[in-house]
Amino acid sequence: MDQSVWLPVIESLLRVVLGLRILHSGVSNVIRWPNPTKNTRLIFPFGVTFFAFVAVVLMVAGGLGLALGFQTRLAALMIALFMVPTLKIQFYWLRELPAVIEEVNRAVPEEQINGKFRLLAKQALHSHETGWQNNLVLLFAALFFALRGSAAFGLDNLLR
Numbered sequence: 015m016d017q018s019v020w021l022p023v024i025e026s027l028l029r030v031v032l033g034l035r036i037l038h039s040g041v042s043n044v045i046r047w048p049n050p051t052k053n054t055r056l057i058f059p060f061g062v063t064f065f066a067f068v069a070v071v072l073m074v075a076g077g078l079g080l081a082l083g084f085q086t087r088l089a090a091l092m093i094a095l096f097m098v099p100t101l102k103i104q105f106y107w108l109r110e111l112p113a114v115i116e117e118v119n120r121a122v123p124e125e126q127i128n129g130k131f132r133l134l135a136k137q138a139l140h141s142h143e144t145g146w147q148n149n150l151v152l153l154f155a156a157l158f159f160a161l162r163g164s165a166a167f168g169l170d171n172l173l174r
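The sequence shown maps to residues 15 to 174 in our numbering.
Just so you know, these hints were derived from the structure itself, not from any lab. Computed from a prediction, not measured in an experiment: that's the story for all the values here. It is possible that some hints are incorrect.
Stated by the list, open to error - Each computed DSS-like pair below joins lysine-lysine, with the alpha-carbon atoms no more than 27 Å apart: (1) 52 / 102; (2) 136 / 102; (3) 130 / 52; (4) 136 / 52.
Claimed, not checked - Beta-carbon label-pair distances, calculated as ranges: (5) 112 / 172: 29 to 37 Å; (6) 130 / 61: 21 to 29 Å; (7) 57 / 174: 31 to 39 Å.
Glycine included, C-beta positions come from ideal geometry on N, C-alpha and C.
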């Protein structure tokens, strides 16, 4: 297998997949507005609506730009800028969820329903335990493309 042929293809696919992943989250936040303000409030005590709007713009514009390979370095920086505060959100929930889970366990005495809540609680906690790790990978992938650019396939190369 010739690395000089496959490396640009794999690199471009990674860029597109990362862009689409972030774009999907951004569009989801547009559809679920004003839900993004709830997460933003965990990080910024003031200007919540403004910072939530900025976060959604970073996701949509950054994800679309990265997926298309358009202004790739800027798009990747937008994604990286968005990813940093997400780590704080993950750590917030890792700190808060155990107390919430315990409160729910005490409030729901019926064993069958309580068992379902315990399963849900384990899944919620696990999603945040792995979520910060996933966000760290996304952050470093974005930083890679911020330095690398769009590689072989992307609008940046067509527009040169």
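Going down the list of hints, with the structure as the test:
1. 52 / 102: Holds, at roughly 14 Å.
2. 136 / 102: Distance ~20 Å between residue 136 and residue 102 Cα, so the pair holds.
3. 130 / 52: holds (26 Å)
4. 136 / 52: holds (22 Å)
5. 112 / 172: 29 to 37 Å: Given a distance of about 51 Å, which is not inside 29 to 37 Å, the answer is violated.
6. 130 / 61: 21 to 29 Å: violated (39 Å)
7. 57 / 174: 31 to 39 Å: holds (38 Å)
When each numbered hint is compared with the structure, violations occur for hints 5, 6.
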